[in-house]
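Colleague: Start from the sequences and build out the full structure, keeping to the hints where you can.
Number of protein chains: 2
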Amino acid sequence: MEKLRETIGKIESVDGTFEEKTQNRLDSLTKPQGSLGRLEELAKQIVEITGNEMPKLDRKVIFTLAGDHGVASSGVSAYPKEVTPQMVYNFLAGGAGINVLAKHVGAEVVVADLGVACDLKAHPDLIIKKVNYGTKNIAEGAAMTKEEAVKSIENGIGVFEEKFRALGGIDIAGTGEMGIANTTPSSAIVSVITGKEVNMVTGRGTGIDDARLQLKIKTIEKAIQINKPDPDDALDVLSKIGGFEIGGLVGIILAASSLRVPIVIDGFISSAAALVAYKLEPKTRDYMISAHFSVERGHAAIFDYLGLKPLLDLNLRLGEGTGAALAIGVAEAAVKILTQMATFDDAGVSKKQN
Amino acid sequence: MEKLRETIGKIESVDGTFEEKTQNRLDSLTKPQGSLGRLEELAKQIVEITGNEMPKLDRKVIFTLAGDHGVASSGVSAYPKEVTPQMVYNFLAGGAGINVLAKHVGAEVVVADLGVACDLKAHPDLIIKKVNYGTKNIAEGAAMTKEEAVKSIENGIGVFEEKFRALGGIDIAGTGEMGIANTTPSSAIVSVITGKEVNMVTGRGTGIDDARLQLKIKTIEKAIQINKPDPDDALDVLSKIGGFEIGGLVGIILAASSLRVPIVIDGFISSAAALVAYKLEPKTRDYMISAHFSVERGHAAIFDYLGLKPLLDLNLRLGEGTGAALAIGVAEAAVKILTQMATFDDAGVSKKQN
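Going line by line, the protein sequences match chains A and B. According to this note's numbering, the first sequence is numbered sequentially starting from 1. According to this note's numbering, the second sequence is numbered sequentially starting from 1.
Hint data in this document are derived by calculation from the structure and do not stem from the laboratory. Glycine included, C-beta positions come from ideal geometry on N, C-alpha and C. Worth double-checking, as some hints may not be accurate.
[Unchecked claim] Sample of chain B residues with no beta-carbon within 12 Å of chain A, all distances over it, derived:
hint, residue
1, L4
2, N132
3, N199
[To be verified] The calculated DSS-like cross-link candidates involving lysine-lysine, where the alpha carbons are at most 27 Å apart (straight line), are:
hint, chain 1, residue 1, chain 2, residue 2
4, A, K336, B, K336
5, A, K351, A, K21
6, A, K129, A, K103
7, A, K44, B, K103
8, B, K336, A, K56
9, A, K103, B, K56
10, B, K121, A, K352
11, A, K218, B, K352
12, B, K352, A, K121
13, A, K196, A, K283
Modeller: In structure tokens form, the structure reads like this:
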């Protein structure tokens, strides 16, 4: 608990110190004012977060955390839970969607086991931060103990801080996850924290049919009814209806915020983790960049609650950090606009007349 | 006229030859089927266009064409027309938004003068294909002669074909433009071809105030009233209320389609050119990828007419090809998903159960 308290304590407000200066620079560049829209907003946000007036996004890292879910045994997913470790090996071999997209934008993928249900084969790039061998079935009781919830967050903080130290800093980070059935606890978290009804925030995950979707909704309703998580106690929510990789992502978001690193939130599951991080410390929101609007039902409820606006809308629903990777590419473009374009004076271009 | 007819004659239908095979490959990759949404659609479109089952987007080119507009003297823009040549020099010096974003995605920028109102200083990278020294004021008569309209298109075809030959092929191309006041002829074209009222398809361009916007709308209404362009005769529309760089972009789109090169359509002005290209040969639509949803009012009318769905929505309104550059980055990501991800069999990952 000490590590968690300490990390939260270090998170500062993003206070707009550089706002005027950055706006002036953007307006001095050879383009009509504001004509690069969200790229300009992104550049301003990244300057404020990093405190660097001319940022460079060289060290880009996506944290893809894995965990299993007891609720998978209730039949809420289209895939067997063996897929969780299989996909971890796929990440380590470089064959998954996140590997391809991260490489495309020049980002490194950090893979960590927060709670896969089996012992994974050792691999030089695999970080083992296992809290337990999968959560318990939330439809039958709490997913984990309160101590395990804290540990999952602190393990996530540890993963981030170790990478930060190893690279001597991180310029931008993204969240990602793998865990068969993890849209189920995510929808449960979103329903409890935003107060929306379960059927309004529960979708088809990897692609389940109507019958399975109804079962999933009933399972989540039961999980909430049995566990009675307190919406105002983020640790209670995480421990009763969460997941180990979700807790780990809460830690990634807290650690990034405490170290003033822009954190790109991937899709639905990552956004559920962002909700928990926000409930623990609302200042984290200023460090978040929402990558994309997932196909998964319920994503909009999170954006409304957090006041975030997703950057992309490409009908993605893969997770792993794939949307975050694409958004990191856009964020780097935004920063390059700020730092590499010529000014009106440099280029000898006439300014606006009215 | 011969070159134009010949190019149009070479444009083939995109007939779905590879559809099943590409879909099978996408479904064999380690991800839930369809979970990469628009990336998968893009990959399929690029395979169909190129006829290459495993495409690589190495040779990426953005064609940024410049031209001046007589209607600028009616006070429809916030910038003086001197900015057109100034920005051309900025493109050549590498300081503009398009230079920064093209470099970010590994694309080359080809800059061509289709009708700037002055003689530009020679530069090794500047292509001179000037049709005339700016168009005439469309509020007073035709922008150009029918012969000039044909020449502007054929010059655009020439710019594309020469680059295609020089590189030994182009894997993906984007459109871009520079021309003070060019949203005015673009709105006129969109109104005439889509049948929408002028005030529904006329926006603030580089950022004009309310008074200037009203003047702009009245100017366009007058231009249409005086010239009476025939909506079903694309050359009539282009010559009476178009522009030289717009005609050049029509040529770029026709040439790309004739050579089976995916063509990424940038913002509002490029999309107006896409409308003209489509009226000349509807098959061109299959080669088009719409980059983004511009802030400029009237862009939606073009998408509705062409049945295209923009890829990005980032509140951009700069033009130059900046949105096309970002979209080319996404298109390359899409192709890498298709060609670089591991299959379920390769990775030993279990498939879906239901």
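Colleague: Next step is simple, just say for each hint if it's right about the structure.
Modeller: Results of checking the hints against the structure:
1. L4: holds, 33 Å
2. N132: Nearest chain A Cβ is 23 Å from N132 (chain B), so the label holds.
3. N199: It holds; N199 (chain B) is separated from chain A by about 20 Å at its closest Cβ, greater than 12 Å.
4. A:K336 / B:K336: Roughly 24 Å separates the two Cα atoms, so the pair holds.
5. A:K351 / A:K21: holds, 19 Å
6. A:K129 / A:K103: holds, 24 Å
7. A:K44 / B:K103: holds, 21 Å
8. B:K336 / A:K56: Roughly 25 Å separates the two Cα atoms, so the pair holds.
9. A:K103 / B:K56: holds, 15 Å
10. B:K121 / A:K352: holds, 24 Å
11. A:K218 / B:K352: Satisfied, since the Cα-Cα distance of roughly 22 Å is no more than 27 Å.
12. B:K352 / A:K121: holds, 24 Å
13. A:K196 / A:K283: holds, 23 Å
Checked against the numbered hints above, the structure violates none of them.
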